[in-house]
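In order, the protein sequence lines correspond to chains V, Z, L and H.
Residue numbers for the first sequence follow the numbering used here, beginning at 172 and rising by one.
Residue numbers for the second sequence follow the numbering used here, beginning at 1087 and rising by one.
Residue numbers for the third sequence follow the numbering used here, beginning at 8 and rising by one.
Residue numbers for the fourth sequence follow the numbering used here, beginning at 3 and rising by one.
FYI, nobody ran anything at the bench for these hints, they're computed from the structure.
Even for Gly, the Cβ is constructed at its ideal location relative to N, Cα and C.
Derived list of chain V stretches under chain L, where covered just means 3 residues or more per stretch with a C-beta under 8 Å from a C-beta of chain L:
#1 250-259
#2 264-272
#3 280-289
#4 390-400
#5 431-437
Here are some chain L residues the structure puts well away from chain Z; computed CB gaps all over 12 Å:
#6 Arg14
#7 Tyr105
#8 Pro112
#9 Ser182
With the C-beta cut set under 8 Å, the calculated list includes, among others, these residues of chain H facing chain L:
#10 Pro80
#11 Ser81
#12 Arg86
#13 Arg91
#14 Arg97
#15 Phe99
#16 Leu100
#17 Met102
#18 Glu106
#19 Phe114
#20 Thr163
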Amino acid sequence: MVDLLSVLASGILVGTVYAYMAYGLGLIYGVLRVVNLAHGAFLTLGVYVTWWLNTTFGMDPLVSILITVPLGFALGATVERTLVFRLRDSPPVTTLLLLFGVWLIVRNALYLIFGGADRSLLTSYSLESLAVGPLTLSIPRLIVSAFSLLGFVVLALMLKRTWSGLALRAVAQDREAAALSGVPVNRVWAVAFGIGSALAMSAGSLMSLFYSVTPEFGARFLLKSFCVVVLGGLTNIGGILVAGIGLGIAEDLTAFYIHTGYRDVVSFLVLTAALVMRRADSD
Amino acid sequence: MSPDSRTRWFPVLGLVLGVGLLAACSGGDDDTIRIGAALPLSGKHANVGGFFRDGYQLAVEEANAAGGVEIDGVRRPIELRVYDDKSDASISPSLLERLIAVDGAVALLSGYSTPLVQAQVIVPMRRGIPFMNAGGASKSIFREGNQWVFGALSPVESLASTTLEWLMWEQGQDRLPRPLRVAMVWQNTDHGREYRTGVHDVIEGRTDRFELVLDESFEHLSSDHTSLIVKVRSVEADVFLSDAHEPDFLLQHRAYVEQGLGHIAVSYGARGPERSVREGLGEAVSHLVSAQWWTRALPYERSRHFVERYEAQFGGPVTEYYPAVAYEAARALIVAIGNAGSTEAEAIRNALTNLELDDSLLPGGRLYFPEESRLQIENRCVIVQNQPEGGVRIVFPPEAAEGPAYLGS
Amino acid sequence: MSSFTRRHLLLGVGALAGLALVAPLLLANPYSSRLAQLLFMNVLLASAWNLVGGFAGQISFGNASLFGVGAYATSMLWLAGVHPFLTMPVAALLAALYGVAWGWPCLRLRGPYFAIATIGVAEATRIVANHIEAAGGASGLTLPLEQDLGPVLLYALGAVLAVAAVLVSAAVRRSRLGLGLIALREDAQAAAASGVNVARQQVTVFAVTAALTGLAGAYYAVFTLYVVPEKVFGFDLSISLVLMVLVGGIGTVMGPVLGAGIYLFLEQFVLASLADIHLAAFGALLIFIILMEPRGAAPRLAQLVGLVRRRIG
Amino acid sequence: MSGPAAASALVEARGVVKRFGGLTAVHRLDLALREGEILGLIGPNGAGKTTLFNLLSGQFAPDSGKILLEGREIHHLPSHRICRLGLARTFQVPRPFLAMTVFESVLVGAQFGRRVPGKPAAETADRCVGLTRLESRRNAPVHSLNLAERKRLDLARALATRPRVLLVDEVAAGLNPTEVRETVGILREVHASGIGIIYVEHVMEAVMDISHRVHVLDHGATIAIGTPAEVTRDPAVIEAYLGRSAGS
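Next comes chain V alone, as it looks inside the complex:
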C-alpha cells in the first residue's frame, strides 16, 4: 500500500514536470501551427544557464527563473522574427528543417562553451524530503510541481484575461479572420514563440534541480514533450497538464508493477492508442 502510494505520488510529481516542459510546445503549435523541433534546445539552454548562474554566482535555480524567462522570450522571439517568419508561406513541414538547424547550432555552441561532460548542481534543499504520513516526498520535486501548477494558472489567466491572450487565442483559431479583425498577426506569432521558449527555458531551470545536463539533454525530453502535448490536445493547456500527470502515473505504475524497462513503452503506447481511439470517436 505504501509502495502504491509512493509510486502514485512519484508519478504525479514527474507528470507535472512533463506538463511544464510541454506547455511551450503546445502554445507554439497552437498559434503558429509549427512543430518546434528547437524545443529541446531551449530546454537545454535553460538548464545550462541555470547551472552557470548557480556555479558562478551561487544563484538559486528558482531565482534564476527570473533570468531564464526573459532570456527565453528574447531568444524565442528573435528566432521567430529572423527565421521562422520567413517560411510563413511555405509548407509547414519545412519549418521542421529550419528549427532542427537551430537546435544543431545551439547544441554546438553548448559543446564549445561547456564541453560534453555531465553537469549538475547542488542546492541546500537538493536532497531534502518531506515525510507525509508514510510517504517520503522530495522537496525539489514538490517545488517543481508547485511551479508547474503555478505556470498553468498564470498561462490560463493570461490567455483568458489579457489582451495578448485574446489575440493569441484569436490567431490560434483562425489566422486570417484574426488578421481581418485587426490583430497584428506577425507580432502575435513572435510573442507566442517568445512565450513558448520562455516556458521551455524556465522548465530547464526547474529540471536542473534533479537532472544532470549535457548538450544532448533536450533530445531525451523532446519526444516525451510531443507525447504530452498531443495527448493533451495540442493547444489545450489544461489538457496538457492532465496528460502530463496521467502519463507520469502510467509510467510509474508500469515501472513498478510490470517492468522498469517498459515505462517508456507504456507512455508511447498510451499515446498512440489514445490518439487512434479519440480520432475514431470523432469520425
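Take the given structure of chain V and dock chains Z, L and H to it, following the hints.
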C-alpha cells in the same frame, strides 16, 4: 528575395564547399605517422568522448616530445587525427574508412561505448589494420579468430565479479552477513547486460553466500527512477548493486537518497569518483563503492606521471578512468609501432601481439594482450570507496587496499 | 500508362548503366565505396519515406521501426544460415506487414497527430526490441564477417535497390495510386467524395514504403555487419530521412534522391573538415538551404533543366 | 406519397436525424429525388441544407433514419463507396486539389468514381472539362483559377465520377449574372444527359429557373414541397424567409 537573387548564391556555396572539400581531402606530408580515431564528441555518448580524445592526445604528445617513433633508423613524429562520429553507429565506420583511405592512418584507436565500437571493429577486421580498443569493454567485440582488434579495457564482467569478490572477502572477515541479500538493477545496454552476466556468474551455485532478491533492468536515459527505488526498498536487501551510466546514476542515487534508503553497501558499477557526481550530489555520494579500471589512488609511477601530466594540461582533478585508459591504449599502440620499426599493418600487429608493458598504469601494473581471451586484457579491477569530503580509497584487493571499507548499518 | 512503364524501364536501365560506369571511381577506395553504400541506403530510405510523406502528405517520424524490422529480419535469418540475398524478400515482407499493422490504425490520423503517433510506435518498438533476448537485446547482433559480400557485390546490390526505389516512386507518382494520394493530401474529404478510398490508398502506399524501408534496413545490416536497436530503431534515423527529403524537395520523385546526396555530402564534408563546429555548420547549411529554397532542391533543378532545354532548343 | 415515389426515387431519405451535441441539425427528414428530376433545395441559413448533403454523400452518418440510392441503403457507407455507387457532389466552397492541374483534378474523379466498362478515364475527364467550359484551362495549375472556374472545376470533378445523381451546393453563389447563366446552362446539359440533380442554392432566380420541384427546409425540417410557383406562394416559406414580424 527574387528567385534570381537566390540562384546567385549557389555558385558561391558550391565554391565554398568545393574548396573546403579539397582542403579536407589533402592527406598531409608523409613524414608523419598517422593514427586515427572516430570518437563520440557529440550525441548520446559525448559526455565521455572528450575524455578519450584528451587521453589519446596526451600519449601522442608525449611520444612526440620524446622525438617520435623510430622507423628504419629515422625518427618520425606521430599525428593523431580525430573525427566526431556523433555517437552514430553508421557514421562511425565510414569515418574509419576515411581515416584509412584518405588520411593514410596506419593504425586506429577506438571510439567509446560498446555499440559504437562494435560497429567500428568491422572496418579494421575487413581492411587488416591494427585497432586499439579502449572504449568498448564487451567481450563480444573480440570475435572468434580476431587478429586486429586489441582490447586495453578489461571486460565489464570483471567490474561485477571484482565487486562480488570484495563482498565475499568482507564476508570472510565476518563484516557482512551470509547469505547476503543482493538487489541488482542494470541499465539495459550492452554494458549493463554484461554486468549482470558477471554478477550471475559469481553467485551461481553460491546460495550460502548470496541471495539475489531483485534483478531488473531500466532503460538508458530514463526520465525518472523513483519507482525503481521504491521497488528496491520493498525487497529489503543488504546491498544494492546498480550498473548505470552517469545521467542515470545521478538520477537514481538522487531518488535513493530522497526515498531515505540505506544499505550496508551501495555500488553503481564504475560510477562514483567522477567530479560531476560530487558536484550534483555532494556528501550523498560518500561511501559509495565502485569498481574501477583505473583510479588515481593507484600507487604506480606511471599512474602518478599520468595524473600530473593530465592535470597540468587539462585541469584537474582527474577522477574518471576514461582518459587514463585511453592514454594507456594509445601509448601501447605507439610503443608497438616503435617495436615494429615499421608502419606496415602486419608488423604493427605482430608487435602488439608480443607487446608487454611492465610500467602500465592499469591495476596489476602490466599490460599485454593474451591470445586466449582474443586479445582483450584481463587485468583486474580495483574496488574503491568514496571518502567523505572527497577523494577515494582503494579497499580491495587486500594487497593494494589503503584501509578497510566503511560498511553501513 | 504503358508508355510510362517503358520510359521508366529505360530510365532505370540507363541509371544502372551509369552507376556501373562510375563504379570503378566509387570503388577506388574503401571510403568512397562506403559512401556509395550509404548513399544508396539513403536514396532508398528517402524515396520510400517520400511515398507516404510527400505524395500522401503523411509525415512519419517512425520509419526507423520499419528499417529496424528489415535489418533484424536479415540479420537473424543470415545467422540462421540463409544467404543474405534470400533474406531480403523476407525483410521487405516483414517490414511491410509491420508497417500495415501499425499504419492501418495510425493513418486515420492526419497532420501532427499522425506524426506524433509514429514517434510513439517507433520508440515503443525500439524499447521492446531492446528486451528481445532472441535478437540479442540491447547488445544487438554481429554478423559473420567471413561471409562478407565484398565491396563489388554490395555496390551492385545497393545500386539495384536504390534505382528500384526511384522507379517505384516514379511509377507510383504517375499511377492511379499516386493521383489518389495527391488528391487526399490536398483535401481528404473532397478526395473521398470523388471516390478515393482514402484509408486503402494510404495503407497501400504505406505498405510499399515499409517494404522499401525494410529493404534499406536489410542492406544496412549486410554492409555494416552489426545491428543494434539503439541505431536501427533510433529516432535519429527517422528524423534524418525527413530532413533529406525536405532538403531535396518533398513530394517530387527526384527530390529524395537529391536530398539523400546533398545530405550525405554535407554531413561527411562538415564532419571531416570542420571538426569542432560541424554541428553548427551543418545546422547553418540546413537553414540556409531551406530559406533559399523552401521547396527543396528538386524544383529548382527542374527549372534549371528547363532553362537549359529552352536555350538549346 | 412515399409509396409510389419510393419505387421510382433515385435518392430517398427516410426519417433522417442528425444531431451535433445539443443541436439537432436535421430532424426526421423525408426527401425524395425522382428519376429524371432536378430538385431544388432551399431554406434560410442554418436550415440544414449542407448537413443534409453531407449526410447523403456520406461525410456524416445519420443518428437515425435511412438513406437510399436507387433503392439501396447507403447511410452506413463511407463517402467513397457512395460516390462509386453513383452519387457525386460539389462543395459550397470549392475544394480544389491545389497541387494539381485542372485535367489531373478531373482525372481523379474519372479514375476513382463509378466504374463504367469501356470508357477510358482520360477521355471521360476531357469530356467533363469540355462540358464545364474549362478546355482553355485544361493544363493550368488549379491554384491559378478564379472562383467561377473553381466552382466549375468542382462540378467537372463530380461529373467525371459518372454519377447517377449529382448534389450541387450553391454553385451560383458569388458569381456575376453572366456566370450564373452559364452555370445554369451547364446544369441543364448535365440533366439532359440523364443525371438527377439535387440543387441547393441561395440565388433564387437560378434555382427557381431550373428546378422541377422545390423542397424547402427550415430548422432541419421540411416546411414545403412543390413546384417553384407553389412554394413561392406558400405562407410558411414566406415567413421562414422574411421572418415572423414581416408575416404578421
